[in-house]
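Peer 1: Here are the chains, one letter per residue:
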Amino acid sequence: MKRFFIKKTVTAIVFIFILFTLSFLNLKTAYPTLEESVRDFLSNSGSKTEQFPTLVTNLSKTTSDEVFNKYYYIEAYGYMQKLLDKNEVNNFEVVKANDGSLNYTYFTTGPNNVDTLVERMERLEQAGTKAGSKVMYVMTPDKYIVGSTQYEKGIPYNYANETADNFLAALKEKNIDTLDFREQMKEDGIYSTDSFYKTDHHWKVETAFWAFTKFVDVLESKYDLEFPNKDLYTNLDNYNQIVYKDSYIGSMGRKEGILYSGAEDFTFIYPKFDTNFYFYARGGYKDITAQGRFEQAICFTSLLSGGDVYDAANDKYFTYMDGNPGFVEITNNNIQDGTRVLFIKDSLMVPVASFFALGCSKVYMIDPRYFYGNISDIIDQYKFDYIFTSFSPQNLTEEFFPFYENASD
Amino acid sequence: MTFSSLSFMFYFLPAVLILYYIFFFSKTLKNMVLLVCSLAFYAWGEPKNIALLVVSIIVNYFLGLLVDHEKRRKYAARFWLICALVFNLGTLFIFKYLSFVTKNISYLADGKTETFDISLPIGISFFTFQAISYIIDVYRNDTKVQKNFFNFALYLSFFPKLIQGPIMKYEEFEPQIMERRETLRKFSSGACFFIVGLGKKVLLANNMAIVADRVFEIHKMGGMPVSLAWLGAIAYTFQIYFDFSGYSDMAIGLGLMFGFKLNKNFNYPYISKSIGEFWRRWHISLGMWFRDYLYIPLGGSRVKNKDKIIRNLAIVWISTGIWHGANWTFLAWGIINFICIATEKMFHFNESKLPNFIRHIYAMFVVIIGWVIFRSDSLKEAGNFIVCMFNFTKNGFYSDYTYMFIKEFGIFFLASLAFSTPVAPILNQFMAKGIRVRQSLSTQPPYQKKYLYMEATFVKLVNVLYPVGMILLFLICITYLVKGSYNPFIYFKF
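Those protein sequences? They're chains V and L, same order as listed.
The letter at position 374 of the first sequence is residue 374 when you use our numbering, and the numbering goes up by one with no holes.
The letter at position 476 of the second sequence is residue 476 when you use our numbering, and the numbering goes up by one with no holes.
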């Protein structure tokens, strides 16, 4: 019996040691943020009673998020999921396809209803046409490649592709121009999972470059777009390609760690030829400006130089235009009085638009999630030549279509 | 703040342990530390409701004194007792049931009457029931009144049992306030209890929650096959057990770390062979409360008229049902338990010659169906779900989802099944005492049985592996928590 308690005592001693050690290390890690929250609470005027719940929420969030060596735990968690041979991770946060790529999904019984989105697009098309712009919906592909991506039996499929099909069919009925990159990819034989990062929901930069060239072709044939130096700009040989080996983990990989998802290569593509841009972006808290060559103005190459790969702020995909600012204005100083384009988009279109800016004099970008102005005012005032709306199939939700919500807009 | 949160484990708990043991020389100061920390614990989770807890402490403290003071004047004492019951049950009604009642009245009146939407303060059902038990015990002379306000406040607010029990009777807690002893043995057992409870909650309950929540979500989208419906129901059966019993183990462990012995709340309920037995093993402290303060005062089973036994059982089980929440589903769940228990009593089910495995299947069948009703948002949803569990013709039996859930969560299902049975205590017994090799009767009165044990093979190895396993379990739980894995707490709303 004595030995029975000895083993418990040993357990308790080690438990207490670990508890206090981790407690100290976590406090040390979180202390600056905790201190800031408390300082804000004390310095804010107004009722302390009313502010107390906010303080508690902030402190709770900090103590949960800012943990000493947090990513060791995430790696350990991912490794355990791997040992358990799990294809579903953390309540279907991500699922692993048979080829090892990670995907977002959810349980549903069929495609989402898109009637509201179609109505809004119709109003946008009418407003754009009235303002003298050509309007097109550009459908980027979902990472789930129909006929190629395979999940283990029973892993839910979200019907994003079917939602996209319904949406495009409805737009065509309304005579709104559309471009479906999935069809283009099929034609060129690249509609496969290799076109995407395994650990991220985005297409590879190489695929985005291909999409840029196709995009130019389609616009040329459909609208007689004059894209200057087309042969030069759309030829990948005229670009530098720097491959960062095993250095990238995307948003889904960061959730589960490298041991579960693996790291992959990232290729940075930028022009060899002379370019000259002015870049302006309005983010949530600050304005960003940059000037110079393509890779100096439009690209944020500091993200390529390493840093904490687990930190979403260091995502290499965001090298192009710093990810998703709410509003972006790109001025191509090499082209005066050229095409003026607006993209209302999500992140898949960002590298495509970056390359597309080579042939435009002005490119504007709006990400509805982070843009707090009125999109209809922008369309009326700026008089664009083209307005491209582009959201990937999983983003066909009202959150991404916060424009022309009413018939009177 | 939940016990299975990083804020609790890495900030609150170490801070309380340090503060508590710094004042090792004074029981009063240690109690003050526990009281202040308990109030802080509650305020952290429910800043706006801390006032309710403090008011409850103050009012019940004075009502206790008044009941005690008027003991010789029976009517006056009874008056103050009624005041206490009105206050406590009234508070419970306002915060827990008023929204439900007004919504139903409004529904019947075609929306013409006003409704109230009041959020439920965490743990109100637990501390209110403890306050009622204290006042009644004082009234009945079963316990002495507590004249020290801070000691009484500690009884009601002691953080390990504050928000999810176990519901402690005052007479069990009071001696521990000033007389308890903190020992290394208690502390060690407490730490182990805490780790085991954490493991139950984080690894078993939370993983079962994923399956249960997803299956109920799929059900809301339309029909589902029989196998999936059963899998979801079984997953919820495991989830609710490991969630609640895990929390209870953590509470008991924390109590032991501070020298307190809290009551056991679960005793492997899923090995029961009747619903009556199930309720002697499930949420024991709640069952004891209803027995002591409702069933027995109503006459219990000792009344001659069988109708009255049925009436008493009906009152107790309907009360138990609605104690769990303000919804028709809880009422229905209580009624089902009542029907089963009353039937078992009437027909002496426990003395029947039915094979054990049939009795066990019966008990688990009722329990699982009961949990489906308990888990559902409405009776309609519960009814549809139960239909899916038996409708082979409409939706079939097999589903790919069933295969996927079993493949992805199979290990957690197996572990849940194993730890629902007394595997751990049997192993503990085995390691503590060894294998029983001889049994004899002592030659002296009272002629007790004596056992001779022989140390089992590998015990030494297992003894070495035990701390390693426990610490590994603790670290795995932390890994899951830091990752921010799915972590619902279903008993909070009660």
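Hints may contain errors.
Covered by chain L, per the in silico footprint, the following chain V stretches (three or more residues, Cβ under 8 angstroms) [claimed, not checked]:
1) 73–85
2) 89–101
3) 149–158
4) 211–222
Bear in mind the hints are in silico, worked out from the structure with no lab data behind them.
Every residue, glycine too, gets a C-beta built ideally from N, C-alpha and C.
Peer 1: Evaluate each hint against the coordinates.
Peer 2: Now the hints, each set against the structure:
| no. | hint | verdict |
| --- | --- | --- |
| 1 | 73–85 | holds (count 6) |
| 2 | 89–101 | holds (count 3) |
| 3 | 149–158 | holds (count 5) |
| 4 | 211–222 | violated (count 0) |
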